[in-house]
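Could you put together the complete structure from these sequences and hints?
Number of protein chains: 2
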Amino acid sequence: MTKNYLMTPGPTPVPEEIRIEMSKPIIHHRTKEYQAIFKEVTDGLKKIFKTSGDVFTFTSSGTGAMEASVVNVCSPGDKIVVVRGGKFGERFGEIAKAYGIEVIALDIPWGSAPCPADIEGILKKNPDVKGVYTTLCETSTATVYDIKAIGEIVRKTQALYVVDVISGLGADNFENDNWGVDIAVCGSQKGLMIPPGLAFCSVSEKAWKAVEASKCPKFYFNFKKYKKSMLDTDTPFTSAITLVIGLKKALDVINKKGVDNVIAEHAKQAEAFRQAMKALGLTIFSKSPSNAVTAVNAPQGIDADAIIKTCKTEFGVTFAGGQETLKGKIFRAAHMGGIDREHTIESIKAVEAALAKLGYKFSAGSGVAAAAKIMG
Amino acid sequence: MTKNYLMTPGPTPVPEEIRIEMSKPIIHHRTKEYQAIFKEVTDGLKKIFKTSGDVFTFTSSGTGAMEASVVNVCSPGDKIVVVRGGKFGERFGEIAKAYGIEVIALDIPWGSAPCPADIEGILKKNPDVKGVYTTLCETSTATVYDIKAIGEIVRKTQALYVVDVISGLGADNFENDNWGVDIAVCGSQKGLMIPPGLAFCSVSEKAWKAVEASKCPKFYFNFKKYKKSMLDTDTPFTSAITLVIGLKKALDVINKKGVDNVIAEHAKQAEAFRQAMKALGLTIFSKSPSNAVTAVNAPQGIDADAIIKTCKTEFGVTFAGGQETLKGKIFRAAHMGGIDREHTIESIKAVEAALAKLGYKFSAGSGVAAAAKIMG
Numbered sequence: 004m005t006k007n008y009l010m011t012p013g014p015t016p017v018p019e020e021i022r023i024e025m026s027k028p029i030i031h032h033r034t035k036e037y038q039a040i041f042k043e044v045t046d047g048l049k050k051i052f053k054t055s056g057d058v059f060t061f062t063s064s065g066t067g068a069m070e071a072s073v074v075n076v077c078s079p080g081d082k083i084v085v086v087r088g089g090k091f092g093e094r095f096g097e098i099a100k101a102y103g104i105e106v107i108a109l110d111i112p113w114g115s116a117p118c119p120a121d122i123e124g125i126l127k128k129n130p131d132v133k134g135v136y137t138t139l140c141e142t143s144t145a146t147v148y149d150i151k152a153i154g155e156i157v158r159k160t161q162a163l164y165v166v167d168v169i170s171g172l173g174a175d176n177f178e179n180d181n182w183g184v185d186i187a188v189c190g191s192q193k194g195l196m197i198p199p200g201l202a203f204c205s206v207s208e209k210a211w212k213a214v215e216a217s218k219c220p221k222f223y224f225n226f227k228k229y230k231k232s233m234l235d236t237d238t239p240f241t242s243a244i245t246l247v248i249g250l251k252k253a254l255d256v257i258n259k260k261g262v263d264n265v266i267a268e269h270a271k272q273a274e275a276f277r278q279a280m281k282a283l284g285l286t287i288f289s290k291s292p293s294n295a296v297t298a299v300n301a302p303q304g305i306d307a308d309a310i311i312k313t314c315k316t317e318f319g320v321t322f323a324g325g326q327e328t329l330k331g332k333i334f335r336a337a338h339m340g341g342i343d344r345e346h347t348i349e350s351i352k353a354v355e356a357a358l359a360k361l362g363y364k365f366s367a368g369s370g371v372a373a374a375a376k377i378m379g
Numbered sequence: 004m005t006k007n008y009l010m011t012p013g014p015t016p017v018p019e020e021i022r023i024e025m026s027k028p029i030i031h032h033r034t035k036e037y038q039a040i041f042k043e044v045t046d047g048l049k050k051i052f053k054t055s056g057d058v059f060t061f062t063s064s065g066t067g068a069m070e071a072s073v074v075n076v077c078s079p080g081d082k083i084v085v086v087r088g089g090k091f092g093e094r095f096g097e098i099a100k101a102y103g104i105e106v107i108a109l110d111i112p113w114g115s116a117p118c119p120a121d122i123e124g125i126l127k128k129n130p131d132v133k134g135v136y137t138t139l140c141e142t143s144t145a146t147v148y149d150i151k152a153i154g155e156i157v158r159k160t161q162a163l164y165v166v167d168v169i170s171g172l173g174a175d176n177f178e179n180d181n182w183g184v185d186i187a188v189c190g191s192q193k194g195l196m197i198p199p200g201l202a203f204c205s206v207s208e209k210a211w212k213a214v215e216a217s218k219c220p221k222f223y224f225n226f227k228k229y230k231k232s233m234l235d236t237d238t239p240f241t242s243a244i245t246l247v248i249g250l251k252k253a254l255d256v257i258n259k260k261g262v263d264n265v266i267a268e269h270a271k272q273a274e275a276f277r278q279a280m281k282a283l284g285l286t287i288f289s290k291s292p293s294n295a296v297t298a299v300n301a302p303q304g305i306d307a308d309a310i311i312k313t314c315k316t317e318f319g320v321t322f323a324g325g326q327e328t329l330k331g332k333i334f335r336a337a338h339m340g341g342i343d344r345e346h347t348i349e350s351i352k353a354v355e356a357a358l359a360k361l362g363y364k365f366s367a368g369s370g371v372a373a374a375a376k377i378m379g
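If you read the sequences in order, they're chains A and B.
Note that this note's numbering has the first sequence beginning at 4, numbered continuously upward.
Note that this note's numbering has the second sequence beginning at 4, numbered continuously upward.
Quick caveat, the hints were computed from the structure, so don't treat them as lab data.
Small disclaimer: the values here were computed from a predicted structure and weren't measured.
Warning: the hint list may mix true and false statements.
Since copy identity is lost for identical chains, a pair holds within one copy or between any two.
[Unchecked claim] With a straight-line Cα cutoff of 25 Å, these simulated BS3-like cross-link-like pairs (lysine-lysine) come out: (1) K332 - K90; (2) K218 - K82; (3) K227 - K90; (4) K100 - K227; (5) K251 - K27.
Structure below.
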């Protein structure tokens with residue numbers, strides 16, 4: 004039987020020990036037993052976000068928490084800056100528009116990171132901006148942004164700094180408090196190693212002041228309701244109980260290793276994968292490659308989707324494709340959560356085998372050798 | 004070892020075969036394999052809702068879908084009628100107020116069902132009402148409403164008919180299309196036998212016209228985005244994949260038996276439980292008891308929470324308590340989803356044992372005998 008290797012940037016593979024934990028008989032959520040679990044989860048998330056502020060857990064996909072990060076701090080008519088360098092950056096802008104919030108877009112070429120000075124310029128011209136919205140890792144282009152440098156600029160202004168860390172957290176370094184982030188938005192199905200269905204927002208003191216002034220209507224994603232429920236170590240609406248139980252196990256694993264060690268492991272796997280692709284003569288799409296996910300340019304004359312299809316059907320390795328204008332041009336491999344050394348090597352072997360089948364010339368085994376050398 | 008019997012009206016026990024299904028390695032959602040599962044789930048839900056219209060699946064708790072049923076069809080300044088006879092009826096009103104929608108409340112005593120003529124009166128006085136919002140089973144009081152009779156009235160007006168079937172579906176009879184329901188709102192953790200984390204809305208043709216005119220801001224819960232994604236048998240944002248996979252199994256089980264047979268089974272269990280309580284000399288709180296959940300009045304001089312605590316700690320049976328003014332006065336037992344004959348008998352045995360411990364006089368075994376007689 005072919006083993007399956009899920010290399011997509013969400014969902015990532017859920018380790019067996021976590022799946023077993025989630026498969027136990029369900030418990031009721033208004034109990035001391037569940038409250039203890041929820042408290043551990045909240046504390047565990049704070050360690051990974053590197054924050055001493057609030058972290059709230061929503062039952063929703065990551066987009067729900069993105070909406071929460073807009074509607075809880077903005078009012079109709081406000082202006083926000085949105086960095087648009089891929090599909091997920093664009094989403095912040097779409098949410099803002101749905102709520103009558105003006106978007107000042109910083110459009111950058113897909114695969115590039117924003118220049119902090121450009122953000123500084125926009126903020127100088129528009130001192131009334133309510134928030135700067137960006138991503139840590141823009142998944143669609145596998146590009147990591149310099150969140151620390153942008154934070155140095157935004158923290159000196161009245162604007163809030165909102166970062167979508169959905170794909171990056173646990174693979175690319177992230178320091179919520181040290182970098183001056185006011186709201187970080189995350190999802191469960193990437194670096195946190197559980198299935199999709201939970202989403203998270205950190206909320207800083209500076210953000211709470213904006214919450215008080217916000218006039219966007221909201222109910223399900225209302226931060227104030229989550230803050231109030233937190234007094235009873237609870238959520239205002241029924242949590243996805245089994246996912247929270249799985250998350251407790253995942254956070255135990257990550258925090259026992261130490262999040263910095265987990266990030267270092269993934270960074271090594273990402274580097275191994277990139278060097279393997281280069282050894283095969285392929286190039287990396289992004290100018291600022293993330294450690295959470297790598298986008299590889301298909302060689303001239305070969306459709307990236309043919310590589311993906313061959314890897315999936317013949318070798319059980321699932322990569323993600325390019326989106327919109329990148330369709331057929333790139334394939335993407337993740338390096339976070341439950342994706343480990345075995346996944347990395349097996350996926351490189353599959354790329355080699357697929358490329359050989361598709362008539363691409365390269366030195367067989369050179370990719371795997373380059374990766375093995377780095378991973379040790 | 005004590006076995007555990009979860010008798011709460013959500014979450015209900017998740018049968019082992021469904022838990023095993025959900026514990027398999029996760030698959031990616033943008034695949035033919037997942038699309039086929041999602042199509043089966045959507046078709047299966049339509050059978051249980053008894054609708055030929057749309058049914059959308061959200062990753063959220065039931066409250067998220069309640070919000071969807073308001074913000075997709077209303078505009079700020081609109082008026083809606085909300086039947087308030089318990090905690091969940093009140094929630095529709097709170098959501099509406101958060102979006103600047105005027106609420107005409109039909110307040111009824113907790114434990115009573117609304118009188119359809121009262122709703123008719125309100126609609127005559129207020130011909131501009133946008134929608135009538137009510138629950139099928141008001142979980143907090145274990146009361147079922149006459150949704151069919153109210154539907155006869157509302158369908159003759161321009162108002163939409165929105166019903167929260169979160170607790171009732173699969174236990175109390177419900178016929179979306181025949182009864183003229185425009186939006187039915189449901190959750191996953193009750194009659195549908197899976198953990199919390201998914202929520203659903205049916206949407207009628209009449210409701211779609213209101214969607215076009217609606218001016219409430221929305222993004223994550225926007226029906227139009229779900230409708231568009233349904234063309235690709237997909238959701239606009241990442242689904243809670245494992246829960247959808249579990250739901251497919253649950254729907255297979257329910258639809259193989261036939262939803263009407265499942266409802267008849269639960270009705271028999273509910274009747275058995277009620278007759279057991281009466282045989283013990285206890286009384287039922289609701290004037291219109293639901294088959295999804297029963298609220299039992301604690302006998303004079305005994306705290307309902309003491310009964311609940313004894314059942315839980317000594318016999319592994321978890322009941323729900325009364326909320327707000329009913330705290331300490333009632334205990335609630337569910338009869339839906341994975342709650343079966345064994346649960347029913349074991350929970351009655353626990354009530355008998357707890358009452359005996361708490362000094363209440365009754366004929367030992369009379370409750371179990373009454374229930375066994377009905378269940379056959």
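Status of each hint after checking the structure:
no.: 1; hint: K332 - K90; verdict: within (16 Å within a copy, 53 Å between copies)
no.: 2; hint: K218 - K82; verdict: both (13 Å within a copy, 21 Å between copies)
no.: 3; hint: K227 - K90; verdict: between (29 Å within a copy, 19 Å between copies)
no.: 4; hint: K100 - K227; verdict: both (23 Å within a copy, 16 Å between copies)
no.: 5; hint: K251 - K27; verdict: both (14 Å within a copy, 19 Å between copies)
In this structure, every one of the numbered hints holds.
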